[in-house]
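K.L.:
Keeping the supplied structure of chain V fixed, place chain W upon it in accordance with the hints.
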Amino acid sequence: MTLLDPNKASGGTPPLVEVRDLVVVRGARPVLTIDHLAIADRETLALVGPNGAGKSTLLLAVASLVPLARGRLSFRGSTVEPRDELAYRRRIGLVLPDPLLLNTSVFANVAAGLRFRGVSSSEAEGRVTEWLGRLGVEHLRRRPAREISSGEAQRVSLARALILEPDLLLLDEPFASVDAATRSKLLDDLEQLLRETHVACVIVTHDLDEAVRLGDRMAVVVAGRLRQRDVPERVLSAPLDEDVATFVGAETRLPGRVVSAHEGVALVDVGGCQIEAVSALGPGRAVLCCLRPEDVTLWSGNALRLLAGEASRPLSGSPGTSAPGPLPRVVSSARNQLPGSVSRIVAQGSLVRVSVHCGVPLVASITRASAEDMGLAAGGSVIVTFKASAVHLIPLAG
Amino acid sequence: MASLVDQAWQMLQGLVGGDLFEITLLSLAVSGLATGLSLLIGLPIGTWLALSRFRSRGLVISVVNTGMALPPVVVGLFVAFTLWRSGPLGDLGLIYTPSAMVVAEVIIATPVILGLTVAALGQLDPRLRLQLMGLGASRWQTVWWLWREARLPLLAALMAGFGSVISEVGAAMMVGGNILHQTRVLTTAIVLEVSRGEFVKAVALGIVLLTLAFLVNGVLTWAQQRSPRR
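Order-wise, the sequence lines are chains V and W. First residue of the first sequence: 1, per this note's numbering; consecutive thereafter. First residue of the second sequence: 1, per this note's numbering; consecutive thereafter.
Isolated chain V, as found in the complex (with noise of 0.2 Å):
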């Protein structure tokens, strides 16, 4: 796979930070395998990648932090000899999972960074009062860092890295530890941190909305390989392979077979269903079909037959009477419908999993509410319906 720099193309200043040729072996085996990997400046990298695909260490590597088995860490265009290491990670600010505070004050902490850059006591006063305001937590300045709860410890290590003013910050999940209310508050005061600073940034997080709310691009790290770099839209919309297509949420994934193509629509056969999707790939193609389930639309048989007038009598009355005749064909702008039956619905916070059979296995995702408008109930029948555009199709081998 070749990652375009984008750099490279606007100028031919070399990139921030750049991994060449990487490998992380831990015991024997390779961890880590990384091609390439470019940040640039101002950029907020989102790294992500199911739990254990390498992408902790993969930052760890960028913070010069492992010990590589082979490959090049460069900043700015220059290479980071082991001599340089030390000034390089200067430079950088890290933040862990676990805020990892010294036993000391909140103050003492925050003023670590600058103590070892043997920053004057009066100057690094006056810096860590301003970065302790910025984080909200100003007035904890004295306490003992092991009396504070997670969330304030978590912002307390963001001000730690961030009073730095890092040419690169790098953050490893860095509201693991904080509930969903903290870590929403807190995603908000980062994302305004990051747009006001302009600081480069790496944030590894295996939560996608928080990797395409705060990252300008977005790379999947999956068994320790980078499978695919792009900006957030792309890479959920338009995954390279089957791993990165499971793990950005394509939760419909079909192989089949492209049958015929025409005007930039493929027909694709798969377990007997035609499906189109708008694909440049010719006829012949073996192919993954992969489907979002929030571009899945479900109607319910029922709303079908009134609206075709079929059904004469009320909703309420007893569907089971009189055998229900072959659903009529909605009339819509999505190419593909297929009827099917209900298999299984999970509900998930306001949106409600529906698996459904329509000869081969699709997922819907529709909110709770609409569910309760159609009546929707397992064995109940469906008509699915989902534009050839949502159709992603990932060419597959043979």
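By construction, these hints were calculated from the structure, which means they are not laboratory data. Please read all numbers here as calculations on a predicted model, not as lab measurements. By construction, the Cβ of each residue, glycine as well, lies at the ideal position given by its N, Cα and C atoms. Be aware that a few hints might be false.
Selected chain W positions facing chain V (in silico; Cβ < 10 Å) [to be verified]:
1) D125
2) L132
3) G136
4) A137
5) R148
6) R151
P.N.:
Just chain W now, kept in the frame of chain V:
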């Protein structure tokens, strides 16, 4: 029993200003110096062992931990053989001197301090070191802050090291020889008084030894429990 302690107390008052002061001071000097030297050896090596990863690390740590249970009398025997006038280091003329006692006690206390240093630093979150380095700490700054974070168990290591030598008698007897005005310390003096049947005097010396150990550990405990400064 109570009358024994009473008599011992009177005996103690009689002893003050005499040999007791000298014996106590030598005990403190030999044990203190040995503990200090053990700290100088054990803390750096222990830190290195705790923070580095190499193949035979587990074996080395096992050897160190076995060293923590080294019988002092065996150490005494070994040091005595080495320093004996006809022994390999006999020319140094150290046998039956306080220096020989310090050597033996360093051998006893170093594994204790070393082993407990490895354990103390091993208890820290391994990512704390990465966090410190990720904030720009140099190697020495990282080690310094890790020591700070582990200061409670590290002071416990120091106390254990001091405790192992102040209370030690076998090696002190064997390499020091319990010579009055030269190498007599509290523990060897107690053994001598007991063998002479002077139980009251032995108990009196025991009280002094306990008091000394209490005072030194009290100071260290105070340092350990002191709340961190700003």
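K.L.:
Hint by hint, say whether it matches the structure.
P.N.:
Quick rundown of the hints versus the structure:
| no. | hint | result |
| --- | --- | --- |
| 1 | D125 | holds (6 Å) |
| 2 | L132 | holds (8 Å) |
| 3 | G136 | holds (4 Å) |
| 4 | A137 | holds (5 Å) |
| 5 | R148 | holds (7 Å) |
| 6 | R151 | holds (8 Å) |
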